[in-house]
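*Asks:* Sequence:
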Amino acid sequence: MAFGAMFLNAHWKPLLTEKIKQGVYNGSNHLYNIDFKSININVITGSLALRDVTLTPDTLVFDSLKKQSLAPAHTFKVKLKKLQITRVGILTAYFKKKVVISQIKLDKPSINMVFNKVPKKLDTAEVKKSLYEQISKTFKSIHINTIKIVDADFDYINNSGLKKTKNAIKHLDITVKDFLLDSLSGKDTSRFYYTKNISFQLAGYKSITKDKMYSMRIDTISGSAAEKKIMIKGFKLIPLYPELTFTRKYKTQKDRYNLAFDEVEFNGVDFIGLNTEQKLYARSLKIGSAKVEVFMSRESPPPPGFDKGKNYPHMALKRLNIQTIIDTLKLKNIDLKYSEYNPSSKKIGSVNFKSLTGNILNVTNDSLRLATNNHAVANLNTLLMGSGKFNVKIDFNLTDKNGAFAYSGSLGKFDMKQLNSLSKNLGLIEIETGNIQHIDFKANGNLRMASGSMNMLYTNLKVKLLSDNIDGEGTNKKGLLSFLANTILVKNDNPKKGEIARTAIMTNNRINSASFFNLMWKTVFVGIKDIVGVGIIPEKNPVKQQKVIAKKVREQKRIDRKATRQAKQEKN
10 MAFGAMFLNA HWKPLLTEKI KQGVYNGSNH LYNIDFKSIN INVITGSLAL RDVTLTPDTL
70 VFDSLKKQSL APAHTFKVKL KKLQITRVGI LTAYFKKKVV ISQIKLDKPS INMVFNKVPK
130 KLDTAEVKKS LYEQISKTFK SIHINTIKIV DADFDYINNS GLKKTKNAIK HLDITVKDFL
190 LDSLSGKDTS RFYYTKNISF QLAGYKSITK DKMYSMRIDT ISGSAAEKKI MIKGFKLIPL
250 YPELTFTRKY KTQKDRYNLA FDEVEFNGVD FIGLNTEQKL YARSLKIGSA KVEVFMSRES
310 PPPPGFDKGK NYPHMALKRL NIQTIIDTLK LKNIDLKYSE YNPSSKKIGS VNFKSLTGNI
370 LNVTNDSLRL ATNNHAVANL NTLLMGSGKF NVKIDFNLTD KNGAFAYSGS LGKFDMKQLN
430 SLSKNLGLIE IETGNIQHID FKANGNLRMA SGSMNMLYTN LKVKLLSDNI DGEGTNKKGL
490 LSFLANTILV KNDNPKKGEI ARTAIMTNNR INSASFFNLM WKTVFVGIKD IVGVGIIPEK
550 NPVKQQKVIA KKVREQKRID RKATRQAKQE KN
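Counted from 1, the sequence shown has number 481 at position 472 by my numbering; the numbering is strictly sequential.
A hint or two may mislead.
[As the list claims (entries may be wrong)] Taking lysine-lysine and the DSS-like style, the derived pairs with C-alpha atoms no more than 25 Å apart in a straight line are: (1) Lys319 x Lys173; (2) Lys75 x Lys173; (3) Lys398 x Lys341.
[Stated by the list, open to error] Simulated DEER-style distance windows between Cβ atoms: (4) Gly395 x Lys451: 19 to 29 Å; (5) Lys126 x His384: 28 to 38 Å; (6) Lys346 x Leu370: 24 to 34 Å; (7) Ser396 x Lys126: 48 to 58 Å.
It should be emphasised that the hints constitute simulated quantities derived from the structure, not laboratory data.
The structure displayed is predicted, hence computed values, not measured ones.
Cβ coordinates follow ideal geometry from the N, Cα and C atoms, glycine included.
Given the sequences, and given the hints that come with them, work out the whole structure.
*Replies:* So this is what it looks like as structure tokens:
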């Protein structure tokens, strides 16, 4: 038997080498060529090993297939040290023309996957042969129990746009279960590309962003075609510098993000559409628990000519370079915090929303879906500063060129002193006392402005006005003005005893450096000011105010540099 096996090995090596190369070449419509340095066969155990394997596409053949609308959407270039095939039924293959393989394993391969936008052939008299028809003259069936790709380096290259983009990941594992190619498997709807399942997992991903400002970490990314699911666990985007150090590395305003998502889960994913058309369809996307922190400094001027209106959520959705349809975006237990540095007070003001939960329906930029439904609707509830029950509904017009949207909301009982972190450091107003009983509002907005109406019931409101003190030690109380404000302007209660409740009409224009959410809350703030009684005080022009602040910051920096030089001279 040993001598027989040796004889068969020596006899079959050149035969199998030729058959493998010819089979890949003919089976791929001459698109791919496979090459390998050596082939080892063990007839007794039914194992086969190829070493130093390369699989490369022929670009001339691809271009020819593309002109005929026959080219695949993806092409692959693969290099690996070893391809191991175990427990092949050699006699079954030879006598019964049925290939049965226990496992194919690709260990630590390098895979380049290239996406090309290829035209579809809609009308043709020629009927393309199925994959089974292409192998039916040689084999009746091919059955592989498991295909494993272990610890792969994977590069995904998108050639469909004006500019080639590349994404690289390492340590990727892919498992293919129960591959069957016979006369019936091509019509089996329970199979995905002739398999019962294709799953993948990426573990321990770490990288530094291209701008060297963030560290990105992901515990695991996994997916399953059978379950139609993609799961991301432990995603973190961590700034590499503290808040002010980060923003001072830029000459203009730049938001700083600190993100931590425990889980992000896509369900009901159309993997075939994602693979062939680069179209993301998911029945739902679940996000949570998560923490999102955004910091911005007013020290620096906004980028010249940049309009944050282009980053409205529904305007940004239009710009995605992948067609997207998500029936329902589900948010659960998201903690949001927005902080801003005010050079006038030399302090950071913050507002936070705890346990944000809710749904956003019809998140899409797909033209066919938009033709039937062009609105995405968000229904969200959260706790303002961790205590006030706050509900908001936002209706986004997904096709309006001016970014039209409508929003409404309500806030329950709330101690206004909890807003001092925001009002003192950013608005230079300290709230001494004040209790909100109820607020409700509604407004319509677009890229340039928002307007609407508000009701606000509150009691016992008293405030202190604080002074700009950029050259000193932060804010100081304006004693006389505070007294006059509380005595003359500020209305301590709504409604006052024996009167009907006051309401407000609110209107606010957005400047280019203001964001979508800035427009929303500032419009509401206009209504609050009007009801409280300080609406008659004109707002400072934000553009002029920014120029004044920038000038004072420059002057202060010159003073600081001079003081530093003098300190060094005295030390020397």
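*Asks:* All hints are to be evaluated individually against the structure, with a verdict given for each.
*Replies:* Status of each hint after checking the structure:
1. Lys319 x Lys173: 23 Å, holds
2. Lys75 x Lys173: 18 Å, holds
3. Lys398 x Lys341: 15 Å, holds
4. Gly395 x Lys451: 19 to 29 Å: For Lys451 against Gly395, whose Cβ atoms are near 25 Å apart, the range 19 to 29 Å holds.
5. Lys126 x His384: 28 to 38 Å: 29 Å, holds
6. Lys346 x Leu370: 24 to 34 Å: 26 Å, holds
7. Ser396 x Lys126: 48 to 58 Å: About 52 Å separates the Cβ atoms of Ser396 and Lys126, which means 48 to 58 Å holds.
Of the numbered hints stated above, none is contradicted by the structure.
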